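Using the hints provided, position chain E relative to the given structure of chain U.
Number of protein chains: 2
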Amino acid sequence: MIIDIHGHYTTAPKALEEWRNRQIAALGNSAAMPKASELRISDDELRESIEQNQLRLMRERGLDLTIFSPRASFMAHHIGDFGVSSTWAAICNELCHRVSRLFPDQFVPAAMLPQSPGVDPATCVPELVRCIEEYGNVAINLNPDPSGGHWTSPPLTDPHWYPIYEKMIEYDVPAMIHVSTSCNACFHTTGAHYINADTTAFMQLIQGDLFHDFPTLRLVIPHGGGAAPYHWGRYRGLAQEMKKPLLGDHLLKNVFFDTCVYHQPGIDLLTRVIPVANILFASEMIGAVRGIDPDTGFNFDDTRRYVAAVPNLREEDRAAIYEGNARRVYPRLDAALKAKGR
Amino acid sequence: MIIDIHGHYTTAPKALEEWRNRQIAALGNSAAMPKASELRISDDELRESIEQNQLRLMRERGLDLTIFSPRASFMAHHIGDFGVSSTWAAICNELCHRVSRLFPDQFVPAAMLPQSPGVDPATCVPELVRCIEEYGNVAINLNPDPSGGHWTSPPLTDPHWYPIYEKMIEYDVPAMIHVSTSCNACFHTTGAHYINADTTAFMQLIQGDLFHDFPTLRLVIPHGGGAAPYHWGRYRGLAQEMKKPLLGDHLLKNVFFDTCVYHQPGIDLLTRVIPVANILFASEMIGAVRGIDPDTGFNFDDTRRYVAAVPNLREEDRAAIYEGNARRVYPRLDAALKAKGR
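Residue numbers (numbering that gives the first Met the number 0), protein chains in the order written: chain U, 0 to 341; chain E, 0 to 341.
Just chain U, same shape as in the assembly (with noise of 0.2 Å):
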């Protein structure tokens, strides 16, 4: 089997960016507020959304399964206070949550969190606990700076985001470090405000200690890592003169990359430099980068021709990137998938 750890439901219908925009429109205007019933979206017209597009290329790809989470450029947390953080994060989710019912055999939800700049993200529980327990969901993605590009928010590291962990151990289920939309000039949303993301949240674990507070934490890192497997030993060499373990004492037993690296000499760096045990397949397809590489002809963000073309990687490290380790690091999802037989 193979699982795509990393989809966001960037094709559902014009009706929830609608709604959305006539929900940013009303700020500071309560009366104006649309009501999350106003936003009407009928199964068929979720089951065209998916079928012509994710499910269309997960079936080209040989794809068999992928955890499901609301569109990460469209969460926003920026905009707006909790409440409305917290309506539009209950909307998506219940959207993924749709989705995942409707196809029950190749999507399994993630649940975005209703956060918003300054506000304690313990306030994100109710929402986390429902997606769990209601939903199904098997992971959550965490916006380490939902001010959108200012970096407000405290490290990862900071006792601020320990609420969430709690939660995220008590259910057992991993997350996502995962920005939104950037709303600073100086950064490109998917080129350069998601992979600084990445760098910056790999970095604060190795300053901090968080897995001596959370030895059973387990954290994502997305889009390959961002720039921390090409400076593999940039990382090592600051840690070791901030006196850390190494890091696969540090960090590695709690901390995992993806495969969302859209070229063959990046997946062969990641394969080379960081454990199997800690690579988890994802193409973050349909997402940042839908064209078709000219110089091979396939889509940038087909990653599994990436994964199956690296040289020297033996078929039982593959099978683990494809599904070992993400049954592992996603145990609510391996649990899902024995209670079905697969």
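Just so you know, these hints were derived from the structure itself, not from any lab. In this text the structure is predicted, and so the values were computed from the model without any measurement. Any given hint might turn out to be false.
Remember, identical chains collapse to one label, so a pair may be satisfied in a single copy or spanning two.
Restricting the straight-line Cα-Cα distance to at most 16 Å, the calculated cross-link-like pairs of lysine to aspartate or glutamate (EDC-like) are [to be verified]: (1) K252 <-> D294; (2) K34 <-> E17; (3) K243 <-> D292; (4) K242 <-> D292.
Relative to chain U, chain E alone:
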């Protein structure tokens, strides 16, 4: 000849830091401000600080010449106002100038600029001109984020920066895009802010059309280009979606990457992905990562070993990375060397 295009004066005598601390302590109290003339460092002190450190390592590693600029993390453009930055930049540039006079065969200076957040970069032009005309500087360091991790300046493609670019073209000097200390707790200076800035700058250049306006402008992205080479497929794909030319045409006549990547797989990827003509040898020694890699027994920042060990790199390509490209990208360096028959 092996030219290291990225060295900082990280080992300056303690008196420099003490003077800076007095300057910082006097912020807002002009009567207490130390004068530049109160800093006294003898030639012997300068010699010792270099001979025991950079020069010793250059000899051990077989490096012939270093393009030498003030310590990047000490630029700290976010501290004080333009006057504070101006005095500080003048002091730091003078010290690098003196080092280059004491060791004329081994060190050639590059200038820091007296940038200050919110201040027109045109104010930096007099120091830039002085460093080139009086001190023989062959390049400048340009900080895309003088706020120190808050990213409050416009992108590098904005006309905000054009006064600097115009002078660079007039004098035919390149700029290394290099941030300074992060004062944002989210960003570790050398582990996150430096690498993020490289990635950010590269993406800004993709988004813009800077080299349409300045076809001969040359920018060096340090630290191996941040995350750009590792995510080259992402950047090629994003450029394609933005209807930009191929990166080779859009950027690679004007943008260069150094080899400050501290492990073999990283350098292997860099040389596999980026055309040889765009790679400049560098180590940033003595800099962010000073320790010995326990896996190899050699310093993490001994980048010559990695470049020497790249498989299937032709000797003429290695020579281009070591020397030829630097002479082309830094024509004032080439002229200075030729004037000495080198």
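Hint-by-hint comparison with the structure:
1. For the identical chains of this complex, K252 and D294 are neighbours neither inside a copy (37 Å) nor across copies (20 Å), given an alpha-carbon limit of 16 Å.
2. Proximity of K34 and E17 under a CA criterion of 16 Å is satisfied intra-copy only: 13 Å inside one chain copy versus 61 Å between copies.
3. For the homomeric pair K243 and D292, the shortest alpha-carbon distance between copies (14 Å) is at most 16 Å, but the shortest distance inside one copy (41 Å) is not.
4. In this assembly of identical chains, the alpha carbons of K242 and D292 lie at most 16 Å apart only when taken from different copies (14 Å versus 43 Å within one copy).
Violated hint for the displayed structure: number 1, the only one.
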